[in-house]
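K.L.:
Just need the whole structure built from these sequences, with the hints factored in.
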Amino acid sequence: MAAIKIIINTFILIVSSILGFAFGNLYSKRAKSLLDLQYCIRVLESEIINGSFPLPQALENVSIKGKGGMSRIFKRIKEDLISEKREDIYESFLLQKDLLKDRFALKDEDIEVFLYLGKVLGKSSRRDQEENFKFIKSQLENLHLEAEAERMKNTKLYRTLGFLIGLGLVIILI
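Okay, so the sequence shown: first residue is -10 according to this note's numbering, each after it adds one.
Everything labelled a hint here was simulated from the structure, so no lab data went into it.
One or more of the hints may lead you astray.
Between beta-carbon pairs, the in silico distance windows are [as the list claims (entries may be wrong)]:
id	residue 1	residue 2	range
1	Lys145	Asp77	19 to 29 angstroms
2	Leu153	Ile53	43 to 53 angstroms
3	Ser127	Thr149	28 to 38 angstroms
4	Ile161	Arg92	34 to 44 angstroms
5	Ile(-7)	Thr149	39 to 49 angstroms
6	Arg92	Glu139	16 to 26 angstroms
7	Phe0	Arg31	30 to 40 angstroms
8	Phe12	Glu119	33 to 43 angstroms
9	Glu137	Glu76	34 to 44 angstroms
Derived PhoX-like pairs (lysine-lysine); straight-line CA-CA distance at most 20 angstroms [to be verified]:
id	residue 1	residue 2
10	Lys64	Lys90
11	Lys90	Lys108
12	Lys96	Lys112
13	Lys56	Lys112
Keep in mind the model is a prediction, meaning the values are calculated, not measured.
Virtual Cβ for every residue (Gly too), placed ideally from N, Cα, C.
P.N.:
Here it is as structure tokens:
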């Protein structure tokens, strides 16, 4: 009987700790996703402004040169843009909204900056494009700094909280 109690208590402690780590990692995931998005935006800016590539080719190049899973978003946008023969790239960007939220743990404010890129991309002069990229990069930098601050605070909090809740349950059951 005592061995079963020890096994159950150990199981509770392990599961609660794993849940704490899982919740804590959501904050790390958002910060990394924003960093990867920043890199992809820089690559896209370079492809459009310096390389003078057409938009579908620039998006393809970002999917090749970009970092992490975020680069695949640009491939999906390019494929949607071509296969659906869309006139407005914003619609292709809008289709990625749920994926950004679910897979990359981005918040609505992060996604709004991404969607703003879709609204302005390819709709103005080169100089205006440069200004838009500059604005988007500064917004993403601010969001990344905010995400890093949240990560520093909340990751440790949730990990500790998961363990302590498990420990509390074990104490109650003893």
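K.L.:
Identify every previously stated hint that the structure contradicts and give their numbers, smallest first.
P.N.:
The structure conflicts with hints 1, 5, 7, 12, 13, although it agrees with all the remaining ones.
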